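Peer 1: The chain contents come next:
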Amino acid sequence: MSSTSQKHRDFVAEPMGEKPVMALAGIGEVLGKRLEEKGFDKAYVVLGQFLVLKKDEELFRDWLKDTCGANVKQQGDCYGCLKEWCDAFL
Amino acid sequence: MSQFVENPAHLSKFRLKSDLVAHDVALPPSKSKKEVYVGLHLQHIGQKNAVDFSSDEEDQVQDVSDKEEDTEMPDPSGLTDDDLKAALLELGVKAGPIVASTRALYEKKLRKLLQSNGHGCLNGVEKGVLYSDSEEEEENGEEEDKELGSEGEKEETVKQSDQAQQGSSQVELCFQNGGFVYPQCFLLSSRLFPSGSQSVMPDGESSMSSQAFSITRMVEEMESRRSLSTSSDTEIELNGSNVQKHWSRSNRLDMPIVDTMKNQSLYYTPKASPYKWKMKLTQEPVKDTFKDMFPNTDATTTGIYATRRRPIKGAAGRPVQYAYPDTPVSPTTLEKREVERRLVPIQIQILVFLIVMCLLYLIYVCVEDNSFGPSVALLDSLYQGSDSEEGLLLQAETQDVPALSGQE
Chain A
1 MSSTSQKHRD
11 FVAEPMGEKP
21 VMALAGIGEV
31 LGKRLEEKGF
41 DKAYVVLGQF
51 LVLKKDEELF
61 RDWLKDTCGA
71 NVKQQGDCYG
81 CLKEWCDAFL
Chain B
1 MSQFVENPAH
11 LSKFRLKSDL
21 VAHDVALPPS
31 KSKKEVYVGL
41 HLQHIGQKNA
51 VDFSSDEEDQ
61 VQDVSDKEED
71 TEMPDPSGLT
81 DDDLKAALLE
91 LGVKAGPIVA
101 STRALYEKKL
111 RKLLQSNGHG
121 CLNGVEKGVL
131 YSDSEEEEEN
141 GEEEDKELGS
151 EGEKEETVKQ
161 SDQAQQGSSQ
171 VELCFQNGGF
181 VYPQCFLLSS
191 RLFPSGSQSV
201 MPDGESSMSS
211 QAFSITRMVE
221 EMESRRSLST
231 SSDTEIELNG
241 SNVQKHWSRS
251 NRLDMPIVDT
261 MKNQSLYYTP
271 KASPYKWKMK
281 LTQEPVKDTF
291 KDMFPNTDAT
301 TTGIYATRRR
311 PIKGAAGRPV
321 QYAYPDTPVS
331 PTTLEKREVE
341 RRLVPIQIQI
351 LVFLIVMCLL
361 YLIYVCVEDN
371 SFGPSVALLD
381 SLYQGSDSEE
391 GLLLQAETQD
401 VPALSGQE
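Heads up: the sequence lines are chains A and B, in that order.
Everything in the first sequence is counted per this note's numbering, starting at 1 for the first residue and increasing by one.
Everything in the second sequence is counted per this note's numbering, starting at 1 for the first residue and increasing by one.
To be clear, the hints were calculated from the coordinates, so they are not data collected in a lab.
If you're wondering where the values come from, they're calculated on a predicted model, not measured in any experiment.
All C-beta atoms in this analysis are idealised placements derived from N, C-alpha and C, irrespective of residue type, glycine included.
Hints may contain errors.
Listed next, the in silico DSS-like pairs over lysine-lysine satisfying Cα-Cα at most 27 Å (straight line) [said to hold, decoys possible]:
1. K34/B <-> K55/A
2. K112/B <-> K55/A
3. K94/B <-> K83/A
4. K55/A <-> K33/A
5. K83/A <-> K38/A
6. K83/A <-> K85/B
7. K85/B <-> K65/A
8. K19/A <-> K65/A
9. K94/B <-> K65/A
Counterexamples of contact, computed for chain B against chain A with all Cβ distances above 10 Å [unchecked claim]:
10. L113
11. V219
12. T307
13. T332
14. I350
Sample of chain A residues at the chain B side, in silico, Cβ under 10 Å [said to hold, decoys possible]:
15. V52
16. E58
17. D62
18. W63
Between the sequences and the hints, there should be enough to build the whole structure, so can you do that?
Peer 2: Structure follows, in structure tokens:
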């Protein structure tokens, strides 16, 4: 198994439904709060942003960094989580 | 070479737009005809050119910078969504929908591409510019010295920064260290040399590239520039290691801005981190192989699996003092032995096999006795060991039997 966290595996295992943004891998309490303040209160909103950026890794990472100040690892975790979710369910 | 402009009608619409932006003229609606731009251009810039003719160098620099800007694309913030998309497409980037949330990102991307293009175009020879920003000042400075023979320029900046207030000087150095080339190119702009960093400056700045150079104004512009765009990611990336070097020289690390900038510069090192992750991944499997090889050995407290080496008997003239157990065996051999103990030994197996074979053969013989005569001899030989009475009786019987069988 590759180096994915439990959170990642939990998220990718099922449709996200109404899960909060903190359910995303790489997004903890602090980052989650910042995203919520910006209006991204649910995971699907962040998914929306991810899709609008055409699932581009660089752009999505930049956006995460600008929006909530995620570091490189957090960006990577979140991107990987969403990408895998999309591969499975989209 | 100086480009003594100009009939604005000969310029492209983009060029006109960029010139207008550079001179802080409000742009007309983007769908306006070129004539509108030309008119505005003549109105504002035409006059200014006359005034600015006092310094040929500046004009040259300005023109070159404008020209360079124009060959790529104008300022991203001034473009409409469609124009931005077209500009990105020209640079080979297929952009997605440009909506409110994505616009900033695409603008940043365009700026990054413009900067890298500008570097590539102008500094084909000065490759140092691409690779390290912190050294760029020195390189530029050195080249400046070589070409223009003026070393005072760089010293002046240092002096000025020394003399300036603590905060502004630190900020200036921070920006220098963090990868902004603007301070340097400000100084250089007054010289002839159209350094690569020149093209980095957006038009707004070049418009103020000036005779009236002051640090405070530069700092303000830096801050405003900074709020609009972060420095190019490539520079930051490459700076990761160089920043440290440069800071040690500057000796002014107190400002919190330095820390945030350092954090920023270190954040965006996506290329570096995957390598680290890969390294970690490759290291993990190595640790587990030993355990795989010997799964049944008891775990020692120290985790060290070692068996005592059998010492050489009588080594160094000493007699054997310690009776060592048998040669150490691997756990697999021990397993084999245990298994063998439980099963029937091979010798006994072979013996049983032979006995069974004999019995079967005898039975076969008995069955075939009716048809084959010579079997009697075998039977006789078998019954030789028995008692005489029994043997005679048997012989009689056997004789009768063949007789009976013979009659049939």
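Peer 1: Give a verdict on every hint.
Peer 2: Status of the hints after comparison with the structure:
| no. | hint | result |
| --- | --- | --- |
| 1 | K34/B <-> K55/A | violated (38 Å) |
| 2 | K112/B <-> K55/A | holds (20 Å) |
| 3 | K94/B <-> K83/A | holds (19 Å) |
| 4 | K55/A <-> K33/A | holds (23 Å) |
| 5 | K83/A <-> K38/A | holds (22 Å) |
| 6 | K83/A <-> K85/B | holds (24 Å) |
| 7 | K85/B <-> K65/A | holds (22 Å) |
| 8 | K19/A <-> K65/A | holds (22 Å) |
| 9 | K94/B <-> K65/A | holds (22 Å) |
| 10 | L113 | holds (12 Å) |
| 11 | V219 | holds (24 Å) |
| 12 | T307 | holds (34 Å) |
| 13 | T332 | holds (30 Å) |
| 14 | I350 | holds (52 Å) |
| 15 | V52 | holds (6 Å) |
| 16 | E58 | holds (8 Å) |
| 17 | D62 | holds (5 Å) |
| 18 | W63 | holds (6 Å) |
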